[in-house]
Amino acid sequence: MSSPNDFIGIANLPNQRHKIVSRKGAHFTIMVVGESGAGKTTFINTLFAALMREYQNEDKRFQKQLERTVEIEIIRAEIEEKGFNVQLTIIDTPGFGDYVNNSDCWVPIVEFIDEQHLNYMKQERKANRRNIDDMRVHACLYFIQPTGHTLKPLDIEVMKQLGSRVNLIPVIAKADTITRADLTAFKNRILDCIKFHNINVFCPPIESDDEDTTRRNTAIANAMPYAVIGSEQDVVTPDGRRVKGRQYLWGVAEVENEEHCDFKKLRNLLIRTHMDSLISTTEEVHYEDYRANRLTKEGRTDDDPQVRARKLFDAKMKEEEEALRKRFTEQVRTEESKFRKWEQELIDERDRLNKDLEAEHSAVQALKAEIEALKSPVQSRSPRK
Amino acid sequence: MAVIRRKNVKKGLSFTLMSVGASGLGKSTFINALCESAVFDKKDYSNPEQAAVEKTVEITPITVDLEEDGIKLSLTIIDTPGFGDNINNERCFNDILNYIEAQYDYVVSEESRIRRNPKYQDNRVHACIYFIPPTGHALRELDIEFMRRLGSRVNVIPVIAKADSLSPAELVDFKKRVMEDIEYYKIPIYNFPYDDEIDDDETIEENNELRALLPFAVVGSDDEVIINGRRVRCRQYPWGVVEIDNVKHCDFSKLRYMLLSSHLQDLKEITHDILYEQYRTEKLSREGVVDLDSDLPENRLKEEQLRREEERLRERELKVRAELTARQNELLAKEEALKNLEAKLSSQNNINN
Numbered sequence: 001m002s003s004p005n006d007f008i009g010i011a012n013l014p015n016q017r018h019k020i021v022s023r024k025g026a027h028f029t030i031m032v033v034g035e036s037g038a039g040k041t042t043f044i045n046t047l048f049a050a051l052m053r054e055y056q057n058e059d060k061r062f063q064k065q066l067e068r069t070v071e072i073e074i075i076r077a078e079i080e081e082k083g084f085n086v087q088l089t090i091i092d093t094p095g096f097g098d099y100v101n102n103s104d105c106w107v108p109i110v111e112f113i114d115e116q117h118l119n120y121m122k123q124e125r126k127a128n129r130r131n132i133d134d135m136r137v138h139a140c141l142y143f144i145q146p147t148g149h150t151l152k153p154l155d156i157e158v159m160k161q162l163g164s165r166v167n168l169i170p171v172i173a174k175a176d177t178i179t180r181a182d183l184t185a186f187k188n189r190i191l192d193c194i195k196f197h198n199i200n201v202f203c204p205p206i207e208s209d210d211e212d213t214t215r216r217n218t219a220i221a222n223a224m225p226y227a228v229i230g231s232e233q234d235v236v237t238p239d240g241r242r243v244k245g246r247q248y249l250w251g252v253a254e255v256e257n258e259e260h261c262d263f264k265k266l267r268n269l270l271i272r273t274h275m276d277s278l279i280s281t282t283e284e285v286h287y288e289d290y291r292a293n294r295l296t297k298e299g300r301t302d303d304d305p306q307v308r309a310r311k312l313f314d315a316k317m318k319e320e321e322e323a324l325r326k327r328f329t330e331q332v333r334t335e336e337s338k339f340r341k342w343e344q345e346l347i348d349e350r351d352r353l354n355k356d357l358e359a360e361h362s363a364v365q366a367l368k369a370e371i372e373a374l375k376s377p378v379q380s381r382s383p384r385k
Numbered sequence: 001m002a003v004i005r006r007k008n009v010k011k012g013l014s015f016t017l018m019s020v021g022a023s024g025l026g027k028s029t030f031i032n033a034l035c036e037s038a039v040f041d042k043k044d045y046s047n048p049e050q051a052a053v054e055k056t057v058e059i060t061p062i063t064v065d066l067e068e069d070g071i072k073l074s075l076t077i078i079d080t081p082g083f084g085d086n087i088n089n090e091r092c093f094n095d096i097l098n099y100i101e102a103q104y105d106y107v108v109s110e111e112s113r114i115r116r117n118p119k120y121q122d123n124r125v126h127a128c129i130y131f132i133p134p135t136g137h138a139l140r141e142l143d144i145e146f147m148r149r150l151g152s153r154v155n156v157i158p159v160i161a162k163a164d165s166l167s168p169a170e171l172v173d174f175k176k177r178v179m180e181d182i183e184y185y186k187i188p189i190y191n192f193p194y195d196d197e198i199d200d201d202e203t204i205e206e207n208n209e210l211r212a213l214l215p216f217a218v219v220g221s222d223d224e225v226i227i228n229g230r231r232v233r234c235r236q237y238p239w240g241v242v243e244i245d246n247v248k249h250c251d252f253s254k255l256r257y258m259l260l261s262s263h264l265q266d267l268k269e270i271t272h273d274i275l276y277e278q279y280r281t282e283k284l285s286r287e288g289v290v291d292l293d294s295d296l297p298e299n300r301l302k303e304e305q306l307r308r309e310e311e312r313l314r315e316r317e318l319k320v321r322a323e324l325t326a327r328q329n330e331l332l333a334k335e336e337a338l339k340n341l342e343a344k345l346s347s348q349n350n351i352n353n
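As you go down the protein sequences, you meet chains A and B in turn.
To convert, note that position 101 of the first sequence is 101 in UniProt numbering; the numbers rise steadily by one, no gaps.
To convert, note that position 246 of the second sequence is 246 in UniProt numbering; the numbers rise steadily by one, no gaps.
Here chain B stands alone, though its shape is the one from the complex:
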């Protein structure tokens, strides 16, 4: 672990995170809070004419440089404004799915080059945070459809947006129902997988804890207030103050730690080893590349050689046979000659006597 850390320190890590959800759920505020800086500007909603216009999904990546515990992290965040905002939202899944698959396509083509470029830009999305509106009921059709379609291409991490609108009891019920829906509809999400045999007890326990928190209850804020001498990021209501870094108020800090520290590597590995490979297999088998044997030209060569050998042997065989017949003929001829001589001899013998 220490060795890996040193390597990371030198090279610097990169991570691509996508955030998806209907507008007004606090995605930009969350991202700003996550990066502790104003990555996304506050959007301008003051034009009433624009409010009625139906928009397509815009995919806008922004890269930020963070430093956590001395480790440099180049974080690329992809926001998806326009998702789920229209009257008819059937098309918005495809825009996002196409983007993710386009990044995979790029890597597939880079890998199959004859001369690979070791420094190609890997823009694959390592995690997708999906914001669920805090209705208090269960998942909506839009939520189910999106997570189902994208869960097989990217690590989907469901979070409950604006979780400060739910009381503690309501939050527990809602989380339970969301997980029931995820299981019922067989929605693939990133659920902190571990291997009983390989991982140690500590890791297993950590993963189980995080799994039990799903979906993460998130509250975001741009505002800061000084309470008891320390700076606290919070939301101020007439009836109280919600602190986003307080684990009793929401799961923001746990989510942040998981994303940017403890499970960053795991998310990347799963993206590369499982999700990307699955996409690649599906894509290539679609294109009709059937590879039963990978060294096809070699085989052909061997075949050629065998054929030539066969021919040579046959020639030899014929030659040998021809020789044999010739010799036999000679032999016969000699026998004849011998017989003639014998006859002559015997006749001479008779005359003489």
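Bound-form chain A, shown alone:
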């Protein structure tokens, strides 16, 4: 029971945490997926208010061979704001959905995401874990064409594959192509598709202590898929304001005007309010899922039927080993006894022969003696006159 006067100081932990984090900095990886010309590069440059990515050089388009591949391009940048550092990695996927035949065009992307999890896993196992290069994707923005109709077969297939591995955020780019009414209908149809096909999209957490925050979070969650307009250029609106936007003959579409598009909400989701949620979901949910899957495949977990099978297998192995050894010893013994018998026979043979030899020898001796005996009496009888 603590009275208000003796507080322990646990409540100070968030401040300490803040210091630690601001010293370490954050690491954020964001991936953009969509057809060429969807507005990915412009969006990234608008989001970070800097030329993160060069625009595609159209003059060189005749020089490259049309190889029909999907490439993974990695752009690293460091952003600093008010003393706080973020190591930013942007993954682009040029070639996705650009060809006549786009079968399996999502495979390089999905493989890349899995590879980053695997990479992190391997580094985590090492003895020295100080400098882990972590490129696990924290957010994947999927750019939907502003047709005004519904999702295409390619969109559905790819979003299914991505949603199970990474925080998937659907985005409608070039939203200044669709009128207000059409946009609402379009968003609803997309949400229907997402629900029907069980596509897993990122749900930003809504509940918080502060009512304002909860309201803002609800608005962000409800605006999905996010209709965005991208522009790095400053233009002047008809009523004289200087804004980031796109200037048409009939007016100016403003990037940060919430009546015109959802850019601000998406920026909040990605950076200002929900970045930590994106990072923690990636680490706690997606990475752990991947790790669990991977390890079970390798057969390393405990109460696993696979492990039991392995043990059984080992026992059988031992039995067989014993049996083999026994057989081997048996065989050796039989062979040995055979040899001994043979040896014995030889010895007997030798003895017999020896005996015979002796017998012969003694016979010879006897005869010799006889001859001697006969010889000498002849000599003793002979003096004749």
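It cannot be assumed that every hint is accurate.
Taking lysine-lysine pairs in the DSBU-like style, the calculated list, with each CA pair at most 30 Å apart, reads [said to hold, decoys possible]: (1) B:Lys-186 - B:Lys-176; (2) B:Lys-55 - A:Lys-195; (3) A:Lys-60 - B:Lys-186; (4) B:Lys-42 - A:Lys-195; (5) A:Lys-160 - B:Lys-43; (6) A:Lys-316 - A:Lys-326; (7) A:Lys-195 - B:Lys-43.
Everything labelled a hint here was simulated from the structure, so no lab data went into it.
Got chain A sorted already, so can you dock chain B onto it with the hints?
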């Protein structure tokens, strides 16, 4: 020109137009705006299960009757839903190409009848509008492949769909790059051809102007709004209103005028005189019809006649020769006789003396 107009007024024109492009590019809206009536109903996309299903291209012709400046026009429009919507789109070119060639085949067979039917239904496609998505970059593989394959069978008119998503500067760049691609890949399109010698300066200038607008930047709309008392077809955004008939906003009205008035006849003529003829030649030479001389049976007849003449002459020759030998023999015989008589005469003379 006036004479032709009168004839057109009486008979009425017909024109077949095909529209091709990925779904969601505003093809149906464009057609509705072109015909100023709801030719195509708004499709229903509310079924999420259907969204994942890969479809084949459907060719659906619809005929509308229009009247422009007192000229009746029977316009057949062929929509091609399903083009370019699948994950693998390699097959969708053939569906459309086969349709166009089937119409040509029909005309080829009608023309080679012994008794032609003067009122046969000519369904040949006179123009194909191809909708390019407004990426702002350049042509995609799908665009290049389609226009290349179909450009030699039909007048392809490339248009930039949903052009209100591009700013004026972006539009200029995009148009330039698309035309560069068309030239680089040698894609045949309808580029308002004219003949320096035959056409007058006005026509040449008009065609050059239209050529410079290619590909046409198109915006379509079903909605109408009343601005300053007049009805304006437009698209309403929170930041402004795009008027489709305003030439500064897009090229819709110029395209419409070109298609349905000024260049309608030219498109039909090129289809018939050049594209159809080329197809016909290719098709027939494929089937092995070699015609060096078109009046083959006549030749054979002449040959027969010549042969018969030859025979007759030979017979005559033999006859003449036979006669000649006979006469010679006669002559010889007569000579003999004469000699005998002479001998007898001389012997008698001798006896007498």
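- Numbered hints the structure breaks, given as an ascending list: none
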